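Start from chain L and add chain H according to the hints.
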Amino acid sequence: MSNVIYIFGYGKFGKSVYKALSKFDYTIKIKVVVQDIYNEAVNDGLDVELYDMYDDESIKSLGLESVDRVICAMDNNHKNLFLTLSIRELYPKLYIMGLSNSIHLTDKLKMAGANRVIDTYGLSGLMIKNVLLKPASSEFLQGFINNSHGLIFKEFTITKESDLDGKMVSTIDFDSYNIIFIGMVDLEKGKNFIFTTAGQEHKIDEDDILLLVGKEENIDKFIKAHGG
Amino acid sequence: MAKSREKTIFMSPFLYLARSKKYRDTKAYFRTIFKDPTNKVKQWIDYFLIVLILSSVAIFIYEVKNPIPVWLEYYAVYFASAIFLIEYMVNFWLYNDIHKDILTEYNKAKIIGIKPNYYRIFFKSLLKKLSYIITPVAIIDLLAILPAYRPLRILRIFVLFRFLKLLKHSKSLYQFVEVLSDRKFELLTLLVLFVFVVVVGGLAIYTLEDMENENIKSLIDALYWSFITITTVGYGDISPVTIPGKVVSLVIIILGITMISFATSVIVSAFSEKLHELKEDRITEHLQSKSEFLVICGYGQLTKVFLQKNRELIDSNEYIILDNDASRVQEANLSGYRAINDDASRYEVLKRFYNNSSKITLLALTGDDVENIYITLNAKSLSRKIRVIAAARDIKLYNKYVRAGVDRVVLPNELASSVLTSSIAYPTIFKAVNAILSSKNVATLDEYYIDNYSKIKDKSVQELDLNRYNIVLFAIKKGFKGVLIFNPKSDYIVKDGDILIVLGNKIAIEYFRELHNLGSYS
Numbered sequence: 001m002s003n004v005i006y007i008f009g010y011g012k013f014g015k016s017v018y019k020a021l022s023k024f025d026y027t028i029k030i031k032v033v034v035q036d037i038y039n040e041a042v043n044d045g046l047d048v049e050l051y052d053m054y055d056d057e058s059i060k061s062l063g064l065e066s067v068d069r070v071i072c073a074m075d076n077n078h079k080n081l082f083l084t085l086s087i088r089e090l091y092p093k094l095y096i097m098g099l100s101n102s103i104h105l106t107d108k109l110k111m112a113g114a115n116r117v118i119d120t121y122g123l124s125g126l127m128i129k130n131v132l133l134k135p136a137s138s139e140f141l142q143g144f145i146n147n148s149h150g151l152i153f154k155e156f157t158i159t160k161e162s163d164l165d166g167k168m169v170s171t172i173d174f175d176s177y178n179i180i181f182i183g184m185v186d187l188e189k190g191k192n193f194i195f196t197t198a199g200q201e202h203k204i205d206e207d208d209i210l211l212l213v214g215k216e217e218n219i220d221k222f223i224k225a226h227g228g
Numbered sequence: 001m002a003k004s005r006e007k008t009i010f011m012s013p014f015l016y017l018a019r020s021k022k023y024r025d026t027k028a029y030f031r032t033i034f035k036d037p038t039n040k041v042k043q044w045i046d047y048f049l050i051v052l053i054l055s056s057v058a059i060f061i062y063e064v065k066n067p068i069p070v071w072l073e074y075y076a077v078y079f080a081s082a083i084f085l086i087e088y089m090v091n092f093w094l095y096n097d098i099h100k101d102i103l104t105e106y107n108k109a110k111i112i113g114i115k116p117n118y119y120r121i122f123f124k125s126l127l128k129k130l131s132y133i134i135t136p137v138a139i140i141d142l143l144a145i146l147p148a149y150r151p152l153r154i155l156r157i158f159v160l161f162r163f164l165k166l167l168k169h170s171k172s173l174y175q176f177v178e179v180l181s182d183r184k185f186e187l188l189t190l191l192v193l194f195v196f197v198v199v200v201g202g203l204a205i206y207t208l209e210d211m212e213n214e215n216i217k218s219l220i221d222a223l224y225w226s227f228i229t230i231t232t233v234g235y236g237d238i239s240p241v242t243i244p245g246k247v248v249s250l251v252i253i254i255l256g257i258t259m260i261s262f263a264t265s266v267i268v269s270a271f272s273e274k275l276h277e278l279k280e281d282r283i284t285e286h287l288q289s290k291s292e293f294l295v296i297c298g299y300g301q302l303t304k305v306f307l308q309k310n311r312e313l314i315d316s317n318e319y320i321i322l323d324n325d326a327s328r329v330q331e332a333n334l335s336g337y338r339a340i341n342d343d344a345s346r347y348e349v350l351k352r353f354y355n356n357s358s359k360i361t362l363l364a365l366t367g368d369d370v371e372n373i374y375i376t377l378n379a380k381s382l383s384r385k386i387r388v389i390a391a392a393r394d395i396k397l398y399n400k401y402v403r404a405g406v407d408r409v410v411l412p413n414e415l416a417s418s419v420l421t422s423s424i425a426y427p428t429i430f431k432a433v434n435a436i437l438s439s440k441n442v443a444t445l446d447e448y449y450i451d452n453y454s455k456i457k458d459k460s461v462q463e464l465d466l467n468r469y470n471i472v473l474f475a476i477k478k479g480f481k482g483v484l485i486f487n488p489k490s491d492y493i494v495k496d497g498d499i500l501i502v503l504g505n506k507i508a509i510e511y512f513r514e515l516h517n518l519g520s521y522s
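As they're listed, the protein sequences go chains L and H.
Those letters in the first sequence? Residues 1 to 228, per the numbering used here, in order.
Those letters in the second sequence? Residues 1 to 522, per the numbering used here, in order.
Isolated chain L, as found in the complex (with noise of 0.2 Å):
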């Protein structure tokens, strides 16, 4: 993993995707092919390059066999299926995001090579159907996205030091820490995430990625006390 990503794009998408990963420690570099829209990103101090999305050479020119992923962020969808097609074709192992506003986009964008694709008005017509009919949990989630009630999700692995290592989850004590267990990754059973709803057991092993919902530093505080 080398921890960069290229921003295709700084339009309204681009801007947000920016705003939001800018967070995270990832150097971040935007790729643009208007001009004024270089000079904006300029201006607000980006790492930003002008190239020709209709012209592979400017693409192969960007360095992108050195990235770790790529997110087609226009604010125009043909442009973001184009882009996608002609990364994919030059590029078949690199991980493409795209942003999507509609059903049909996101099969398009898949079929184009895109390896996950976020569909933002599927997202916000589920948001809103839960504020519609669930009010106050849509809420308390909605608090997460834009840190409202200071609480958040938060993962922790599991390493050979941990004394969580080789227990079984029922064991733990969560309450002293007022955190809550949601689910985890036991890659005893797989990769996949399972909700603690689902009422299965876990022996915690060494890898495995339990999901817990707290404060910060409540969550911090349980990792640290158990090897984390």
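Hint data in this document are derived by calculation from the structure and do not stem from the laboratory.
Mixed in with the good hints, there may be bad ones.
[Unchecked claim] Okay, derived cross-link-like pairs now, DSS-like style, lysine-lysine, Cα gap no bigger than 25 Å in a straight line: (1) Lys110(H) to Lys124(H); (2) Lys431(H) to Lys110(L); (3) Lys29(L) to Lys396(H); (4) Lys124(H) to Lys108(L); (5) Lys290(H) to Lys129(L); (6) Lys110(L) to Lys309(H); (7) Lys304(H) to Lys224(L); (8) Lys168(H) to Lys128(H); (9) Lys481(H) to Lys129(L); (10) Lys168(H) to Lys129(L); (11) Lys12(L) to Lys279(H); (12) Lys129(L) to Lys385(H); (13) Lys19(L) to Lys431(H); (14) Lys29(L) to Lys12(L); (15) Lys506(H) to Lys455(H); (16) Lys431(H) to Lys189(L); (17) Lys129(L) to Lys400(H); (18) Lys221(L) to Lys489(H).
[Claimed, not checked] Covered stretches of chain L (chain H as the covering partner; in silico rule of three or more C-beta atoms under 8 Å from a C-beta of chain H): (19) 82 to 91; (20) 147 to 154.
[Said to hold, decoys possible] Computed beta-carbon distance windows for the label pairs: (21) Lys221(L) to Gly482(H): 21 to 31 Å; (22) Gly482(H) to Asp52(L): 50 to 60 Å; (23) Lys110(L) to Gly482(H): 40 to 50 Å.
In this text the structure is predicted, and so the values were computed from the model without any measurement.
Using N, Cα and C, we set each Cβ at its ideal position, and we do this for glycine too.
Relative to the frame of chain L, chain H by itself:
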């Protein structure tokens, strides 16, 4: 002094009525239950009167050839007529406010500085009040009461007017008459032409066949023949026997067919023009009869996706889409959704749907932030009780949405970015949140509303024994605007008004809800 006393004696009852809040409120209440078509009581009154009309008319018709029990006669004659009389009197009372007219006339006289003529003012206002009696509705209502007068059997024919009363109380019949009245000019022109042709045809056959045709004995016979021929009924009891008479017949038949076709086309075009409006009226009425419904503003991509994910809502028909673009409305209708071409930012448009007793949620999803904020302010100015959920394109406008009164703002771009980021940085969290957001069966985030009927009220969290059902209690909210208690302690006592936010298997959550009689939001 005398003048002052005259004024006091004359004006005091009207001044009393104008100042009496109780009188105003009472009259406003009666006006609502008798005149407001959206009022539930008015609807029940209409149903009651329709039943009364139909049953009394049925009894009258049965009575023509069969004896009926006395009590049934009392019901059809006296009880029904008494109810109609009461209705007539109430409508007469509601027609206008005589005291207001008198006070207006009195004030006018005062302003222009002349001595008020109390008797003239009183009679002028009284005449205005009595003008109700000669309105078509009042005449029908009065004639419908007449069959109660038994000594004159001829008055029984007025039972037919009870049927006419149905026009007033049956929405469909009323709308039919309304559509026809919109084409009054065309239909009246046709009627005049019709009468003209009948008379001319009748006179022609009378003069041409008076001595030749033994069936035409008078002008009435000739007019009768003309009428029967022009309407294409043609009983055949009178028919022309001379060549000129037969020619007249041919002309009359052609004119008759032409006029009938023309009248049909006028009526059909009137209906097709009104059909759209009638359909919208029906949708509005349907929604207003619901205790809860949704007004979706804008039929863009987000609305389409939202509707695709809410099949239950579509099936329930408890929604309406408003869009000011006719082509989008057509697209929505073709997709099987209920959409109306109207501008939700207009006060009158939203007011059409407003109903004080319904829980209304408005979704501002137009794709234009300025438009959404305008619609929000429009809805909130109509009633603060309307819940507004808006999708904001630009996060910078978030505060403006909040200031406009939006109850919940959804930020599609930020939501997508946040999910995309978590899929990169925290893939496990992404999987979990995605499952919760999509309400996957095993990970349904839901809420229990505690009220006085909830069996778990006043019980501790430990006593709820949620672990047994594999339900995770995330938090308890002390009412909608109250504080959030995350991971409540086992000794926390659940109180009336609390909202429990839980995560669990959908089936387990519903089972626990039913077991303990717990409420949901809707």
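Would you mind confirming whether the straight-line C-alpha gap from Lys290(H) to Lys129(L) stays at or under 25 Å? The given pair, whose Cα atoms are some 19 Å apart, holds under the 25 Å limit.
Regarding the pair Lys19(L) and Lys431(H), is the alpha-carbon distance no greater than 25 Å? Measuring from Cα to Cα gives roughly 22 Å; hence the hint holds.
Tell me whether the statement that chain H covers the stretch 147 to 154 of chain L is true, taking a Cβ distance below 8 Å and needing three residues at minimum. holds (count 4)
Check whether the Cα positions of Lys110(L) and Lys309(H) lie no farther apart than 25 Å. Satisfied, since the Cα-Cα distance of roughly 21 Å is no more than 25 Å.
With the threshold set at 25 Å, check whether the alpha-carbon distance from Lys29(L) to Lys12(L) stays at or below it. Answer holds: Lys29(L) to Lys12(L) is near 16 Å, not above 25 Å.
Does the alpha-carbon distance linking Lys110(H) and Lys124(H) stay inside the 25 Å limit? holds (17 Å)
If you check the beta carbons of Lys110(L) and Gly482(H), does the distance land in 40 to 50 Å? Given range 40 to 50 Å: holds, Cβ gap about 44 Å.
Proposed proximity, Lys396(H) with Lys29(L) (alpha carbon, max 25 Å): Satisfied, since the Cα-Cα distance of roughly 24 Å is no more than 25 Å.
Hint consistency between Lys481(H) and Lys129(L) [alpha-carbon to alpha-carbon, up to 25 Å]: holds (20 Å)
Distance restraint between Lys431(H) and Lys110(L), which requires alpha-carbon spacing of 25 Å or less: holds (19 Å)
Restraint status (C-alpha distance of Lys129(L) to Lys385(H) at most 25 Å): holds (19 Å)
Under the criterion that the straight-line Cα-Cα distance not exceed 25 Å, is the pair Lys168(H), Lys129(L) satisfied? violated (42 Å)
Checked against the numbered hints listed earlier, the structure breaks hints 4, 7, 10, 11, 19; every other hint is satisfied.
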